[in-house]
Amino acid sequence: MISVTFRQILGLVSLLCATWLYSQCRHIWLLAQDDFNEQFTNFLGEKWWSTDQLELCDDETKDTKWQKNDSICITYVYNMLPVDMEIISWAPTLVIYRNLMSPRQTASFLNFIEQRDLEIQKTSDFGTSIETTHRRANGSFIPPEDSNVTVEIKMQAQKRIPGLNLTVAEHFSALSYLPGGHYAVHYDYLDYRSKQDYDWWMNKTGNRIGTLIFVLKPAEKGGGTVFPSIGSTVRANAGDAFFWFNAQADEEKEMLSNHGGCPIYEGRKVIATIWIRAYNQRILPMAPAGSSIHASWLIPSLSNRFRPEMQTQSPVPN
Amino acid sequence: MSLSVSFIFLLVASIGAVVADSENVLVLTESNFEETINGNEFVLVKFYAPWCVHCKSLAPKYDEAADLLKEEGSDIKLAKVDATENQALASKFEVRGYPTILYFKSGKPTKYTGGRATAQIVDWVKKKSGPTVTTVESVEQLEELKGKTRVVVLGYFKDAKSDAATIYNEVADSVDDAFFAVAGSAEVAAAASLNEDGVALIRTDGDDSETSTIAEAEITNTIALKQWLHAYKLSAVTEFTHESAQEIVGGDLKKFHFLIIRKSDSSFDETIAKFTEVAKKFRAKIVFVLLDVDVEENARILEFLGVDAKNTPANRIVSLADQVEKFKPQEGEDFEAFTNSYLEGKSAQDLKAQDLPEDWNALPVKVLVASNFNEIALDETKTVFVKFYAPWCGHCKQLVPVWDELAEKYESNPNVVIAKLDATLNELADVKVNSFPTLKLWPAGSSTPVDYDGDRNLEKFEEFVNKYAGSASESETASQDHEEL
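Sequences listed follow chains X and Y, in order.
Counted from 1, the first sequence has number 173 at position 173 by the working numbering; the numbering is strictly sequential.
To convert, take the position in the second sequence, counting from 1, and add 318; that gives the working numbering.
It is worth saying that the hints were derived from the structure and are not from the lab.
Values in this document were obtained by computation on a predicted structure and should not be read as measured data.
Please note that a few of the clues may not be correct.
[As the list claims (entries may be wrong)] Here are the simulated lysine-lysine pairs, DSS-like style, with alpha carbons at most 27 Å apart:
#1 X:K65 / Y:K446
#2 X:K68 / Y:K598
#3 Y:K727 / X:K204
#4 X:K159 / Y:K670
#5 Y:K670 / Y:K598
#6 X:K68 / Y:K374
#7 Y:K664 / X:K68
#8 Y:K429 / X:K159
Using the sequences and the hints, build the whole thing.
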């Protein structure tokens with residue numbers, strides 16, 4: 001009797017000690033990552049990446065898209081609001097909205113995310129979520145109404161990007177990547193075996209036809225977003241947002257929209273993603289189906305003079 | 319056996335159900351299109367492709383709309399064209415996407431702007447086919463309309479076929495954000511302050527409610543009437559907010575006079591009173607807008623207008639017609655004088671100009687700004703290749719090392735200048751920069767630049783410059799000859 005009781009007590013004390021030690025070590029580890037910029041060059045999940053993809057991530061000289069004459073930046077004006085837009089690819093669409101968020105909004109949103117509990121993220125595969133080394137990140141969904149700044153940022157994006165209907169978008173998905181964090185190359189377009197597997201979003205709003213990523217904090221080394229089929233890596237600054245279409249106008253998957261979150265070697269990356277669904281998107285019925293949606297659909301018609309030979313058909317009222 | 323026979327029958331019935339189209343949707347081809355469009359007053363035409371997913375999801379709703387209209391005995395016809403089989407038709411109407419829906423009224427096409435649900439299709443075509451203008455028979459009816467509609471536009475024309483009445487009806491057809499009516503009697507017209515033929519705009523906005531009128535003689539064309547309506551739908555001075563932005567900018571008047579001030583400024587009340595007084599004099603010519611400097615979101619607009627928040631109060635006129643043009647008052651020019659000066663075409667454009675850096679000539683790449691641009695670019699002895707860039711532009715950043723290298727190659731050539739100009743801080747009257755980077759070369763002795771539109775790499779740049787300036791190596795050869803001597 002005495003012997004059994006002693007062993008139970010010993011076990012309990014050991015468990016408590018182990019828990020305490022774990023939490024302390026984890027805290028120290030997190031501090032080390034954030035405060036001391038300790039280099040951490042290995043990452044789990046390397047097996048998911050090809051050599052070419054990693055080279056495009058890490059070696060800026062591999063990305064020669066900027067050398068093409070049609071890689072341009074423009075400022076369009078919509079309702080007196082100037083918008084700085086950098087076009088990486090016209091078709092399929094890949095664009096960066098520079099300084100879409102003000103420094104105050106960026107800092108406020110970042111702070112809001114850091115107050116939340118972030119969980120290890122899973123990936124969706126045919127409607128089932130599983131934890132995997134395919135992606136290493138912590139995140140949380142944030143309904144826009146949860147804070148003033150998220151309401152403000154979403155409204156601001158809608159006013160500046162009138163071609164997209166952001167009312168048909170999922171909640172913000174806030175993601176934090178530490179050194180070693182990454183998301184192997186994948187599609188955001190959701191594949192299902194059959195309609196019976198559809199979730200609420202899919203039934204009510206259709207597929208994720210576009211992805212808009214707000215960059216709150218870029219990593220110090222690594223952490224870009226690579227688009228292997230386009231041949232470019234997006235390296236956005238804090239305050240920028242970038243967008244691409246995951247689908248063509250007939251809502252079929254855009255095969256050139258595969259992308260990945262590049263491994264992080266130094267610092268920490270924080271982004272907030274919104275996936276835009278198909279329902280009531282004004283561009284979809286207007287753009288030609290059967291080919292990539294052209295980025296000019298996102299430019300309000302006042303700016304079509306930047307390239308007179310292009311006849312923009314913006315779905316935005318003139 | 320009987321089971322399998324039943325199954326076959328069910329299958330056939332099912333297939334039949336799937337492939338059946340409404341017989342109330344006209345099938346148009348190149349051979350019968352003109353006949354149908356001109357033989358019916360109202361026709362909604364859907365251009366589709368058989369493989370198009372959106373077209374398939376729209377088809378049953380479109381069919382149902384046709385069935386409903388048929389049941390009601392409507393004159394409106396719904397039709398469809400297979401654009402893959404009738405490509406000349408699709409090309410004629412510039413069909414670029416599927417489905418494209420056009421509405422033909424007396425043979426004249428306009429874009430369908432309604433929704434994709436059956437009820438929306440029916441409502442839209444009814445609205446477009448029915449009388450756009452409601453006749454108001456009594457003062458009570460007018461009061462009722464005012465009570466439920468923010469903007470009521472009332473026309474009064476003794477001759478319903480007069481020029482002004484025709485213009486009014488055309489405008490009513492094309493403007494969607496106001497309610498259009500005609501007075502059925504002089505009594506109703508008088509209730510809207512119309513004592514003679516003309517148009518009244520009744521805006522119900524609480525304390526800011528207003529009734530404005532324009533006489534028949536002043537209604538000269540549709541554009542003028544649209545601009546008048548745009549102006550009087552707004553207050554004399556409207557504050558720029560995200561709610562009001564579309565209404566301010568989206569109308570037919572594309573000229574704006576901005577008062578840029580802090581509402582918290584001690585001089586605000588006096589200044590806004592003067593501004594408002596002037597605004598009333600130019601009501602249908604320029605839209606007068608208040609821009610509060612304290613609103614964070616307006617910072618981007620100030621930047622766009624080239625106004626420093628520290629230099630406010632300030633005012634600017636902006637034209638958003640074909641190009642974005644900005645105008646600044648002369649020293650001491652008051653609101654009214656400035657507005658008159660602008661309308662008479664005497665105001666100079668307000669072009670951004672950066673101060674010339676002292677070290678503009680220190681490095682191989684020369685720094686151009688508005689003040690030294692003509693001196694350098696139009697130098698008759700030099701070939702000048704200029705990069706117009708924006709600091710925020712990633713492509714421009716990636717171009718920097720190549721541009722530096724190019725400039726180094728020509729540094730010892732006195733006849734070639736490689737330069738850059740920040741186009742977000744410098745605007746030039748004669749050089750339009752619509753995207754970044756823009757690369758233009760001014761050949762020696764020419765004031766007309768040549769646009770570079772090739773790939774952005776050193777080899778191609780050198781090739782381009784040498785085409786106009788001779789090669790860098792010639793300079794080296796000349797140098798060697800000199801050494802020999």
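Evaluated hints:
Annotation: proposed proximity of X:K65 to Y:K446 is violated, straight-line Cα distance about 48 Å (limit 27 Å). Restraint check for X:K68 and Y:K598: not satisfied, since their Cα atoms lie roughly 51 Å apart, outside the 27 Å limit. With a CA separation close to 61 Å, the supplied pair Y:K727 and X:K204 exceeds the 27 Å bound. Proposed proximity of X:K159 and Y:K670 is supported: the alpha carbons are some 26 Å apart, at most 27 Å.
For the suggested pair Y:K670 and Y:K598, the alpha carbons sit about 30 Å apart, so the restraint of at most 27 Å is broken. Pair hint X:K68 plus Y:K374 does not hold up; C-alpha atoms about 38 Å apart against a cutoff of 27 Å. With a C-alpha separation of about 42 Å, the suggested pairing of Y:K664 with X:K68 is violated against the 27 Å cut-off. Simply put, Y:K429 and X:K159 have alpha-carbon atoms about 24 Å apart, close enough for the 27 Å limit, and the pair holds.
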